[in-house]
Every structure is written in C-alpha cells, then in structure tokens.
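Protein chains in written order, with our numbering: chain A, 257 to 739; chain B, 135 to 1222.
Everything labelled a hint here was simulated from the structure, so no lab data went into it.
For glycine and all other residues, C-beta sits at the position ideal for the given N, C-alpha and C.
One or more hints might be untrue.
[Said to hold, decoys possible] Straight-line distance between alpha carbons at most 27 Å, and here's what the computed BS3-like set of lysine-lysine pairs gives:
id	chain 1	residue 1	chain 2	residue 2
1	A	K708	B	K777
2	B	K1021	A	K352
3	A	K434	B	K976
4	A	K352	A	K414
5	B	K777	A	K283
6	B	K1021	A	K739
7	B	K1031	A	K352
8	B	K1031	A	K739
9	A	K352	B	K1008
10	B	K777	A	K739
11	B	K1008	A	K739
[What the hints assert, rightly or not] Take a look, some chain A residues computed to stay more than 10 Å from chain B by CB distance:
id	residue
12	S360
13	N364
14	N370
15	P377
16	G378
17	K393
18	P417
19	N425
20	Q443
21	D493
22	K497
23	T500
24	V564
25	P595
[Said to hold, decoys possible] In silico negatives: residues of chain B with every beta carbon more than 12 Å from chain A:
id	residue
26	Q470
27	N727
28	F801
29	E883
30	A934
31	G1023
32	E1025
33	V1170
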Amino acid sequence: MNSRFSKKLITVLVTLLFVVLFCGCKKYLDLKPQNSITRDNFFKTKDDAVSSIIGCYDGLQGCASLFLNWGEFRADLVAAGSSNDVTYPYYHYMDKLKPISDWSPVYNMIGRANSVIEFVPGIPANDDKFSVEDSKKIIAEAQFLRALGYFYLVRTFKEVPLVLQAPSNDNVNFFIPKSSADTILDQIEADLTAAEANIPVTFEKNADTRGRATKGAVHALQTDVYLWRSKYQLAADAAQKVLTETTLYSLVPGNNWFNIFSQKNTSESILEVQFDYSLSETNNLISNTGNFTMNNVLKAYYDGALDVTRGLNNTYINGSTWWKYSGLTTTTLIIRPTPDPDFILYRLPDVMLMKAEALAHLGSFAQKTEAIQLIDAVRTRAAISPYGISLDGNAPYSLLIELIIQERAMELALEGKRWFDLVRVATNDKTPDFLIDRVVKSRSVSERSIIKSRIIDPRSWYMPISQYELNRNPQLVQNPYYK
Amino acid sequence: MKKVILPAKGFLVLLLPLFMLSTMLSAQTKIEVKGRVTDLATGKSLGNASVTEVNANDRQVNGVSADNNGNYNIKITDTKNKLRFAFLGYESKVVEINGRTNINVSLVRDTNSRLDAVVVTYAKTQKVSNGFVSTAKRDLTGAVVSIKSDVIAEQPATSIDQMIQGRAAGVQVVSSSGDPGAGVDIRIRGASSIGSGNDPLYIIDGIPIISTPFDNTNSAQAGVARINPIADLNPLDIESIDILKDANASAIYGARAANGVIIVTTKRGRKNITNITLNTQFGLQEAPPAIPVLNGSQYKVMRLEAEQNNGNINPYNDVTRALLNDPTYFSYWYYQSDTKWLDYLTRTGSTKNFNLNVSGGGESVKYSFITSYNDQAGAFVNTGSKRFTGRFNLDYKVSDRLRFSANIYFARSKVNNYANYGQGSVYYIGLIKNPSMPVYDVDLTTGKPLPNYLSLGGIQGGTDNPVAFAKTVTNDAFSTNLKPNVRVEYDILKGLKFTNNTSLDFVGENGFLYLPSEATGLIWNDNNFNRIDTRDFERTQVIVDNLLTYNRNFKENKFKTVFLLGNTFNSFTSSQLSESGYANPSSQIQTLNGPSRIRSISTSIGYDNILSFFAKANMIYDDKFSVDFTMRRDGSSKFGDSKKFGNFPSVGAYWRVSNTAFIKKNFKFISDLKLRASWGQLGNSNIPNYAYISQYTAGSNYLGYTGVIQSNAQLNNLQWEVVEQTNLGLNLEMFKSRLNVTLDLYNKETKKLLYQLALPSSSGILGSNYTTGGTMYTNLGNIQNRGIELDVDVDILRPASKNKMRWNISLNVARNMNKVTKLPGGTITFTGGTGGFVNQVKVGDPLGTYYGYQFLGVYATDADAMVRDAKGGKVYEADGVTPKYVKIGSETGNVFKGGDAIYKDFNNDGVIDDQDKILIGNANPLFFGGFNNRIDYRNLSFSFFIQCQYGNDIINNLRYNLEKMNNTDNQAVSVSRRWRKQGDITDMPRALANDTRNSLASSRWIENGSYARLKFVTLSYRFPAQWIKRIKLKSVDAFITANNLFTWTDYTGADPEISISGNPSFIGVDTGLSPQTKGYTLGINMRF
C-alpha cells in the first residue's frame, strides 16, 4: 500500500471516528431503567389512574396494625403480656425509639394519595376513555384516604407535618415543620367535604363496597371528626346520613355477631381494610394482639351485662387470645389458619354509638331519648337488657356518656377505638379523670403510682415523635411532654 | 461447577505438557555451538548473556543463557541460521554461524541504554504509566508513589492489597476481615465522600477494571458468600504498581478518579530473554485468639442475676427456669453443658500457592504466560478459597509502524464462608453463644447425648447452633473473571501515533447457599426448611479508547513535548438473577428442582454509560521546567439531561532546582531536587443507575387489583460530585541517590457531595425500615482532607561488589486531617449505629467522630445515685427532704441504682440525656505509615516490615457485646468482677436484663486504637549458582516469611486492624469480624 495514501486514509478514518462519536453521544448517555415504569410514562391512561389509587389502599393495609396499636394498647381494655417490650406500655412500648412511634406507613399512604390528587386530574386530557367524572371519583377516594391518615395522626401525635404535595421531585420541600391540630383538622374536613361530592356510594362487588372508600365511609369518618372537634350537630347529621342508607348498612343479627369478623364484609361493615392470604396479603393483627391479655375491666363489663353474644368465645377465648382476629368459629373454636383477618375501620354500631354521643351532648329530651334508643339497638342485637326500661331523656349527660363509652367497649373492643374514646371524652368534657381513673384502675397495684404520675399530664396522652424521624427532619420538634 | 477449580494435582498435570514442550524443543537439535561472551572494552565476561538462534526471517527459534562466566552452549537446529547475542545495557549482535562450532563474541556498551525499560532498579529510572502514556518518574509533575518490584517479588501476598498495605505514604489499606477472599478497603488521602464510594480506581495494563463487589443491598441474600473482584487478581502477575494520588496525576481518568488511581502493570515478555519461573508457597495461619468467656455455670449465674435485677423473679418463667438447676424442668438437659463454642469453630489455616511464568520473545513477538493456583483454608472451620488464574500477554510488532498487543486474563475462584444470616461473624457467634447448651442434642429424660446437632434457637440460645451451621451449611461463591484487551498502535507521522484500545471486563459470580434442617432445626412447613438461595450476577464493562499522541523533542532534546487527544466509551451492564426456595425433601438434593417451593425469585438488569473526551499537553524544557495541562469532559447516563456533563481540568508544573548552577556548584551532594505543584478537579458519579429518574413499580396490590406506586422522586438537580485537589511536592535525592526523599502536601476538597440523604417519612417516600427511612440522592456539603506525606528511602550500605552487604531502609508516614466543611443544617445524624452510638456527621468534625456519655464508673450503693449540683452538693426533690436520684432519658425515666453505670451529668439536671453527650472518640489516626528494612549479604537476604497507626480511637463493639449483660449473649470473663450487692466497688456495672442503661454509648467502649504491627519478616536464600547448575536450573530462591508476628498495641480487642466501613461515618468500629492472625509461609522460586 502506498504509504502516503495510507497516511491519508488513517487521518480520514480517525476524523470520521471522532465525528461519529460526537453525534451519537446524546443517545449513548440516555438510558432508561428496564425494571420499572418511569414517571414520564405514568399517569397517562385510565389504567394508571386505577393502579395508582390501588397503590394507596396498599398503603392503607400497611397502616392497619399501627391504627390498632395507637387506638388500643394504651387504654384499659388490655394489659401487656409477658413480652419484654410491652411490660409497661407507658414506658417501654410507647417510646420514641420503638416502632409504635413510627408514623411512616401513614405518611406513605398520604404520599401516594397526594400523587393521585396531584396527577390524576391531568389524565382525562391524555386518555379519551377516561372522563373527568371518572377521574373525580378516584381523586375523591384519595382525598378520603388522606383525611383518614391525618385523622389518626392528629389524634395520636396532636401536631404533625401537614404534607399536601406529592413527593415527585427534588424541588419539593421534604422538610416540613409541624402544623397545629386545628389546621390539620380543618384540612381533614375540607378533604372530606370535597370527597363527599364525588365519591361512589357502592362499587360493583360487595367486597369493594366494604373495602374501598364510599360515601358511607366518608360520612362515618365525618361523624368521628366532628365528634372529636365537639361539633355535635354536624356529627349527628353526618351519622344520620349513614343510618338512612338502610339497604346498604344493617346490623347483623345477634346470633351471627361473630360472622362480622370471621366472614368479613358483612352488611354492617362500612369500611374494612381487606386482607387475603391467597393474594399474599397478610397482617400481624393476630400475633400483635397476642402480646396483650384481656383486662379484667372488660371482662367485668361482659359479666355485668350477662353478655354471651359478644363476651367469652367471641371477643376473646382465654386470657390472651383475641378471638375477633384469630378465630373462625365460636362454639367449636376453629382457629383462622392464615394471618389475614380484616381490620374494620368503621361499622354500623360504631356510627350509631357516635351519633348517640353527639345527641347526648346536644342534650334535649328528645335527643337524649334517641341516644338511649341507639344504645339499646346495639344492646338488643347482642341480646342483653336495654336501658330504655329505666332511663329516659331526663338522664344526666354524665350517665349517658358512661353508658355509651361502656357499650363501645363491649361492641368495639380491640378494634382500635378505646383510647381515642377516652381521650375524646376527657378532653372535650374537660374531665381528665375520665381517662386517668380508668387507665390507673386497670393496672396492677404496684404499677398504679408510676402510671398515674405520667398520665396525669394530658400532654402525655399524645405519643412522642420517633427519634429517627426527628433525626431526619431538622424542622421537627419533639412533642412537649417528651422534650 | 466445581470441576473448573482444579485440585492441585490436576493442575500440575495441566502444566506437564508445557514442560514437555520445552524439552522437545531442545531434543530436536543437531549441532552444538559453544563460546564465550565478553565486553569489548574491558574483556570481562558477560555472565548470563542471552544467546538466541534466529532464522532468515529474523524469527527466534531457540535460545539459551550463558553461565556466570559468559560461557554458552547452544544446540542449533539449522546451520543456515544466525546467532544473536544480547546483554543488558549492550547493543545486541547477530553473527552468522557458517558451520562454526565455537563462536566468541564481544559486545559494545549501548550508549542509549534503556536500562529502565527492562529492570527496575531505583525509583529514579522508573517509568510511570498512567495507562495512556508512560512518563519517566523524573519528569512527573503530580504526586505518584511506586511500589518497588522487589517488594512485589518476594512478599507472599495472596492478593494485591497486601502488596500495597503500608508501602505508600497516605494510602490506608485495611482488609475487611481475616477470612479468605475477604475484601479490602483502600483510602487514598482520606475519605472524601459520605456514602458514594471511597474506593480507588484500578487500572490494569491501561484498562480500568471492575473492582467493587456486587451491590447486594437490594437482594435478600446478604448472607450468601461473595467475592471481591480485587481478590481475583493474581499478585504474581504484577510487575509494578503506581499509585496516583493527586489530581494532576490522575486527571486523565477524570470521572472515575476522585478517590485516586492504582495503576497495575503486569509482566510482559522481553526481547531475547527466555524466562521460566515456578513459585511454590506453603503457609500456615494460627487460629484466632479466643477472648475468654464465661463457662456454663458462670453464665447461668450471671443471667439469673440479670433477670432478677430486672424484677423477673418468677421461677416458672421460661427464661428463668432454664437458668435454675431444676431437674423437673422439661428442657433441663438442654442447659447442663459447658461448651467452648469457639474451640469447635477454629483451626489452623493453610495456604498453598503455585505460580508458573513463562515468558520470552524475539524482534517482533514477545509473550508472557502466567498461571497460578491458590488454595487457602481459613482459620475457621469450613471457610476457604480457591483460585485459578491464567494470563497471556502478547506483543506483536507487525511493521515499523504498526504494533499490536493483546492481554487476556482469566480467573476462576471459589470462596466458602460461614453463613451467618445477619447474626454476626462466626467469631462473634462463637463467643456469645450460650455455653450451657450442648453442641449435640441430648435425650431429655436421661441427658445422654444424641448424634444430631442441637438446633434450638429461641429463648436461651439467641443464636443458632454455630457448629451445626459451620459443618452442615453450604455457602459458596464462584466467580469468573475474563478480561481480554487488544491494543493497536499506528505511527501516522514522526511522533504522531494513533492508538486504539478495546477491552472487555467480565465478572460473573454465582452464589449458592443451602441451609439444611440439621442446622436450623426447622420443620417441613417452615419456609426456611432445607432452604436454598442461589444467585447469578454478571457485570460487563466494555471500554473503547481512541487516542492521538504527538511526541516530539525539539532543539536537540532540550524541549520535549507530549500532546494527547482522546476519547473513551465506557459502558457497563449488570444483571442479576436470584432465587430462593425451600422444602427440599432431603439434604441429598441441594439444588432448586421439582419438590422445592419458591420463596422468592427476582431478576434485574441495569446499564450505565460514560462518554469522555480528553486532551493533555506536557512540556519539559531542558530538564528544568515542566508544565502539564489536562482537560477532561465526562458525560454520564446517571444524571439528568441538563447535568449529564462535567468538565474536569488540571494543571501541574515542576522546577528542577538541582539543575540550577547554584545548586550544582554549592551542593554537590544533591543529585536531584525537584519542586512540584499541581491543581485539578476530578469527578465522582458513584451512584446507582437511573437514580435521577422517577420510577413506578407494580406489585402493591389490593382486593386483587394491581397497584402501582412511586419508588423514588425525579432528581433533576442531581449532578457530579467534584473533588478539587491542590498538591505541593518535593523530590530530593542526595549522595548519588542513596537517600531519596519525597514530600507532599495536599488539600483535597470534595464539593457537591453525592449523598443518599435520609428523608423524613412525612415526605411519603418509604424506606426499607423505619430506622433508616426513605432516601434521596442529593448533592450536599463539602469535605476537606488536608495532609502531609513523607517517603524516605535510604541505601545505608550500597555495595560496590556482589559479595558485600547491602542495607536498604524505607519509611513512609502520612497524616491526613479530615473535616466536614459544609453541610446544610450543620449535622446529619444516623441513629441505630453500633453499640447504640448516635453517629453524626457535623460541620467542623472529621468523619468518624463519636459522641456519647462520659463513663465514670459504677454506683456502689443506691444512695450514691443522688443528683449532685455543680458544687457536688446533694439535690433534693421539691419537698426538700426526698433525695433526688439520677434518671435516664427524662424526668420520668428509670432511676439509677447501685450497680448502675455512672455517666457524667454535665448540666447537673439529674437527667442523663442528649445534653450530656460529648465528643468521646475520633477514628482518624494522627498518622500512619510503614517501615521496611532489607539487608542483603551474599546469598542471604533478610527483610522485615512494620506497619503502624497512631492516635485513632476504636469503638470496641465486640467488648460491648461481651460486657453489656443485658441479653442472653454469653459474656467475657471480665464481667466476673461485676457489681453484685450494695457497697461493691468496681468498674463493671451489674447485670440487668432487657435494660440498656449500663451499656449506653459512652467512653466505656472507646479505646485507643494505636498499633504497630510486624506485618512481615522474611528470610530468603539464593542457592549458590554452582549447585544450581547441576540440576539445570538458572536459580533457586527459598524464603520463609512470618506474618503478623507481633503487634504492639494497648487495644484489648482481637485485632486493632479493623475494617474501615463502606460508610465513612461508621469507621473505627470493631464488630468482631474474623481477626488477622499470625501466619508462616515457606516458599521456593525456581527459574529454569
């Protein structure tokens, strides 16, 4: 080969090579993941909207046992078992370093809901098979779930960061300080009002109607929120909207009371978090509750009322087994083989008793009479003696509230309601002893003084914020009692 | 699979044909030619000169070496051929045979001798490669340390890191554990990043290699054995190692060089020198020292005390029953032994190493073939590694203009480890396992031993039976390394050269773990019953470099220039497949097949590309001044559209003061004095692929509908981490280069730190668990490393002749000062750290500082725990009568009692809380270094090497675990002096179950980690030439080496040489990994 020619050839080749390189570089550096969907390709179609709201419910499943812990384990219906961590619930279990102070499952659900609320409205413009009305239904479900999450947070920690923006990119501020309880509760009310307008009353399948947010669930949650804020008329009104849906919600007959838990999604269920072992959806409610034995306080309630529908072999079978979650039958005592009980957030008797509480507060003769009727409806179903024989609308509020809270204990034991009931009444009625006395009495004699010294300060009724969370968020301040 | 790893015997069989080949070559000969090779000028004989037979095409067909007196004897194959005579530093000569049988030849000294290119004698003449261009060490502007080849040749290292350890100032090398095949942490000039990698870049023969272990964080198989890719390299392949420390030296690797660069050059064939070397080594490693722990009955007493102190006095409680000697207890016989667990788990380890190197070459072709087999049995039972490697390096000169070279490396290795599944190292478990439990099962009615292992976790064991795990669990990793590369060089014009370098780096790793039910004691319906985990990971890197180099000298070599223009394509592929199954019907079947059920299965694949352009200009004037500019532009697929590219410039210069008339005249003893200065920026993009892209994943289902959730946020602001470094250096050689001093000062500032920032969970981004939380990659903060490095090399005795003594010492010492200079918010806190330490990274502190309480002793009585005011006066409650006692955490916290630890209450508020935490430890040494000493006398040579580190603190987490007395772990005998009753005066707190108040993060666990360790003592002997000749060998050397013979330290743990964690905020924590142990190696090197 001619050497001059080859010299030229090489020079040309090298130049060409460099030119090709420079042109191809943009594509060379633009790589996309193979294992996941990118944000750029998501929130485009109806399917994306549906799967994103399902992701929110998946988040709700993660909250179930936490909601139960927060609502039950500090109160007087249970006593800590022998497990090391839970010897003294007030000291060791409810600690800033223990998992119970971790609110991340709730915020995780809220974050997913925030994404739905932020991005689903843009989908109808992209997908003509997905109408604006369809999108509003899904957004309403997300609004409900966000409200639900914040309601648990505000009742458990009082002041928490109010995050309403989706965690979509690094321009979002992730370090949010706490907001006041009222700000959060206002937001909850606003979300529920917005959701109420668009949310479906039922879904095609019964399991979906009981397992997803519906108008009934919105009203039940509104009742709870208004009651918490002493807005009794609004609470009674919201409850009434549930009670009028008689075809959708009706009490299960007393002899089938246990089916509410064993068979799931019964006619009185308004919203229950669904679990199904065959879909690999399980929870730790059985083992979690197993750490706590039943307190004699509750046993005395059942024994006093001669309640066989809800007492032994129904709510519990022996000292430490919570049959609501672990049983399948009552008489032959067959144990649920798989760890997948549902966690019921709202069912009809809950709403009835909440309405009774609101009416008792409102206080007219007629309202109190209706309250007693509501309590009696729950009692009659359980085949125990109604109060209506001896009481009428002249009964004092203090007696009614005692009866309502006791009835709630017997009906809703271990459904994560008791602690919030005590805090609500003690706070709204300014009767701290309503809570303190009950909790102290439920403890062994040796523990009483130490427990009392602690819960005598109402600030201790709210949990400490997890130390890990404080470490990660410099904007966050520990709750006052734990500083 | 196992067949690829050949046993030693099989390996030798494989080598046999090679030996036969060499004998066959000599068997073909017909005519013998004799003669003598001498120096033309002096007439002295040239011993060991090479004599080769070359054919008409100038190809080498046969060759021998002359003896020590220059006499040679060659059997030639064809009388028409010629003989070529060559000797180092002489011009070679070709002589026609013409039927002669006696040819004496005299050679002329080569005035342009390239002595340095062949044998590296002194640093002065050494060439340093940065992978793209070689520069004489004399001409460098940057900070570079070279490891001498004699060090490499004689040290019995099983992996490359052992060769670097302690040899270079400012380079900290720590093995991650004493286990065979364990990884290594190397820090060049301190840790410059938090959590985005501090490991240097390795370049082998110009090619960057994959050097980081597989990322296992997303795999549920953390317990499965793994192999560090660096441990797969055969150290005896290595000719030389250069460590590029400053920005100027490593600038050409811009994007990947932020943590420094280690350049490895492997052995290549040399013209006219045929070399066959066989290295054989045998070694033994002592079992690691056992820390004395309580025996069975002492343990039960301690545990019972702990339970009772915590109020558990119920004798029928499951926990206490096992501790009381009550024969009516159902499981009584499970707790009646006195087992020394560690004795069952340790042994004397051994190492076998064989290495064969065949190299040679002629005018146009040079080759080097190296193969090795290494077999290590670890000091813990059933741990070990095996490695087979092969390297073939070929250089082919096609024409005067076109050159071609190829390097092919293959390695296959196997490591077997103890499968801990998160419970800790085997060493740790052997210490803490309940000593009252037996190794083998017992009959619960009679107490008679049964043949099967007792596999009882649970309440009194805490951990699984480590002996059953060690003996029955299979936990192997196999790795395959294939690294071919091809280089083509073409001279376009005089001085202008085009180079293309194409290489592939493949690392495959299979892991296999089998957990039989004998070990776990689980029954058939548990999803860990006869469990199998397998994993198949692959990584491939393809690199294509194109370079134009222009190398011209002007004005009679007074002005030398090198210009370089190039680009690199670097693409990485990584794929993973991992499966886990259970319920195999029998331990005979150890694979996933028919009857097995699947626990999990997952695959993933990732791609990552880097595209770089670079230019370099180097100018030297009259051996006096030099400047060097480098500019590199890197684009990475790991960053978003607007942040993909980063520019990394660097500049360096030197002034050779010794070439000034003043020095030449007045300081004649100075042979060389060079002042250097450099500045530059380098980049780091060591984050996971696609980290910036917001991704959504499926699988979060509800009610049977498929849910999709966001897994991470879009990070459009994420960009390159930049390391900016300034270096001032000095090279001084005095007394005819007998004293060499290198001094460097540097300031290295990492900016825009790539950091996986923990986000509050209120963000909605979920983490894997609540203590760590969700994270987001971000650029935050700055870290500064400033330091000084000194290397001194002295020939104390430099012999004039071979028979005199030579004595060389070299010493290196470095100080690095690390400081976090900027962090948003001032502090990043990590909780849940080792031993309950709250680790934090804080502005103004170095990485690796520890905050905690100040431990002052133990309260002798309950009354002693009263709160004291600042003047020491007693403090009472509000009523003025009730004594106020110190509490933990808050006003309502637990009250300290007699026997509890005393922590200093700095604010005298009676509450031991965060406000009482002070800085109690710093894991950064004040200085570290190495000292090497070598004496040669006649055939003997003796050398030893000491490595030291001074002024660092260690969190003795192993002692924490062996003295905390708050759970079921067995404890060290030191707890025998614990507080037991009111009035006891001791420094060991009481046993207290389920309560951490006495083991809080405090100065109690911090120890001085300074040490000096005699890493190697080697005595070697070269057998006299006259003996060797009789057995037809060129040379035989034998050596004996002792490793880690002595360690001088006050540290009470097993080994002060502890791993520097991958996360620099957790450095200096002794977690009880397998310690480095004493070892002895016997080796023989034979040249044929």
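> Looking back at the hints listed earlier, which ones does the structure fail to meet?
Replying inline: Failing hints, ascending: 1, 9, 10, 12, 13, 14, 18, 19, 31, 32.
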